[in-house]
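Student: Take a look at the letters that make up each chain.
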Amino acid sequence: MALTKTEVEKIAHLARLHVSDVEAEEVAKGVSDILALIDKMQSVDTDNVEPLAHPFDAAQKLRPDVVTEPDRRDELQQLAPQSQDGLFLVPKVIE
Amino acid sequence: MQYETVIGLEVHVQLSTESKLFSGSATTFGAEPNTQANIFDLALPGTLPVLNEKAVAMAVKFGLAIGAEIGKRSVFDRKNYFYPDLPKGYQVSQLDFPTVGKGSLTISLEDGSEKIIGVTRAHMEEDAGKSLHEDYQGMTGIDLNRAGTPLLEIVSEPDLRSAKEAVAYLKKLHSIIRYLDISDAIMAQGSMRCDANVSIRPVGQKEFGTRTEIKNINSFKFVEKAINYEVQRQKDVLEDGGRIVQETRLYDADKDETRSMRSKEVANDYRYFPEPDLLPIVIDDAYIEAIRATLPELPDRRAARFVSDYGLSEYDAGVLVATREMADYFETTATLSGDAKLAANWVSQDLQALLNKHSWELSDSPIQAERLATLIQRIKDNTISGKIAKTVFEAMLDDSSDVDAIIEAKGLKQVTDSGALESLVDQVIVDNPDQVQQYRDGKVQVIGFLVGQCMQLSKGKANPAQVNEILRSKLS
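Top line first, the protein sequences correspond to chains R and Z. Taken in order, the first sequence gives residues 1 to 95; the numbers are from this note's numbering. Taken in order, the second sequence gives residues 1 to 476; the numbers are from this note's numbering.
Everything labelled a hint here was simulated from the structure, so no lab data went into it. Some hints could be false.
Restricting the straight-line Cα-Cα distance to at most 25 angstroms, the calculated cross-link-like pairs of lysine to any residue (SDA-like) are [as the list claims (entries may be wrong)]:
| id | chain 1 | residue 1 | chain 2 | residue 2 |
| --- | --- | --- | --- | --- |
| 1 | Z | K79 | R | P91 |
| 2 | Z | K130 | R | D57 |
| 3 | Z | K72 | R | V49 |
| 4 | Z | K79 | R | D57 |
| 5 | Z | K79 | R | A12 |
Based on the sequences and whatever the hints tell you, model everything.
Tutor: Here it is in structure tokens:
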């Protein structure tokens, strides 16, 4: 399965990545090679194999429902470019 | 053409944990902006999720309550999209292996019949923060307190056939969730939110029509209105020869209409993949059975018991079990007063009217079950009449002293002394010669008027049964 330049541009847009025209061509070829490998893997019979959710064969450890994090707003907002009234400010989000 | 409506609901419920789904930040509602958002919630590099055990237990508890399959091995996935109220750039959710699988719940329809509604799945996910679009120097303000709050998204099958059925389903879900005490489930505060998938098809057609998804419905009333509006809109489009476009529409409660959100990105662009920062959740039978043992008696079963144990009508039982608090209140009142029928009437009528009038929660009522039970006992032992009891009930609102003290202080005790009652009756006979004559001429129903006169003269304090008896014997 080959990936077109248009598809690369669409995926790049979804991931908010800037890809130049030249790069798009290269990436299309590179990803197509990966997809070819995946096609090969698809031909293996996996009917009786459980899907792998994680490479580690282990179960998730759980934590007790306890509040452990104090309010560090003032400190954390020092990291943000802009804040006001306790809010982080970001470029206007248009609905 | 006759159309059939097909509705499926997606309900998001905030699980009432103390801390967030993957971090130790607090989840208290209404806190100052960003005071409950910490390094993980802000997606600072190097932070990792650690799953909250209570959220898992709550999800499993819900699953068991609706008879669902519990996923023995459930997996979190990343749902990718960029929005500033979700700083990671993805929402952690569950796609192929949710914690709760297929289940069902039963709703009661207006004609008294019941209908089983399928639940496709319920999965855990994290809530997003809030964007405030008021003018902050021409920018958007972001509050991440809610980001990471655990949600259970409950997805129904497209089994609902009218807006009324959708509301009945939502109310039943709300009731079960409150019984389980896994969420506040307050729609106005957003701890329970509902999206509706709505389509119509010609009656008899098997295939579903194209559906639209309505978002932003934040009350039971609006669920009904938004769906009815949308169904009518779709009918109008089809009648005009148009086609329904699959899209997300926003409900505007002020204008009572839905309008297109014209989402730029098409469906299935979330590029889900398994969350590499979390391992699968493995649940064994012992765990499931331990959770099952904590299940309370659920509303359907409790209503059935109220009918069989207390002799209530199915309607009354249904009203009383709607909330766990109300059902507990009724049961305490019934047990302490020894009269379930009276208790049911007082709780479902007088108490309910009181709560409605003041927009009170049950816990706000100055009259709790113990006091109401005493009041009912005083009716039963003839200390007061049922009518005077209403006056005492009113007085109890402002006076926290005990019921007997209020009756005594207001001089509301029923007159049962036969000497006093006889002179009362004599007076009424003297005052109403015409009616007395009519009674003696055989128009026996006049007795009602005469009893009424006695009650009025005694300011409601005479025992009506005794008055009736004395009147009859004096007039015969």
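Student: Is K130(Z) within 25 angstroms of D57(R), Cα to Cα?
Tutor: Not OK: K130(Z) and D57(R) at ~37 angstroms, beyond 25 angstroms, violated.
Student: K72(Z) and V49(R) were given as a pair; does the straight-line alpha-carbon distance stay at or below 25 angstroms?
Tutor: 17 angstroms, holds
Student: K79(Z) and A12(R): Cα distance at most 25 angstroms?
Tutor: Since the Cα atoms of K79(Z) and A12(R) sit roughly 16 angstroms apart, the hinted pair holds (cutoff 25 angstroms).
Student: For the pair we were handed, K79(Z) and D57(R), check the Cα-Cα distance against 25 angstroms.
Tutor: 23 angstroms, holds
Student: Would you check the hint for K79(Z) and P91(R), treating anything up to 25 angstroms between C-alpha atoms as holding?
Tutor: The given pair, whose Cα atoms are some 23 angstroms apart, holds under the 25 angstroms limit.
Figure legend: structure checked against the earlier numbered hints; the only hint not met is number 2.
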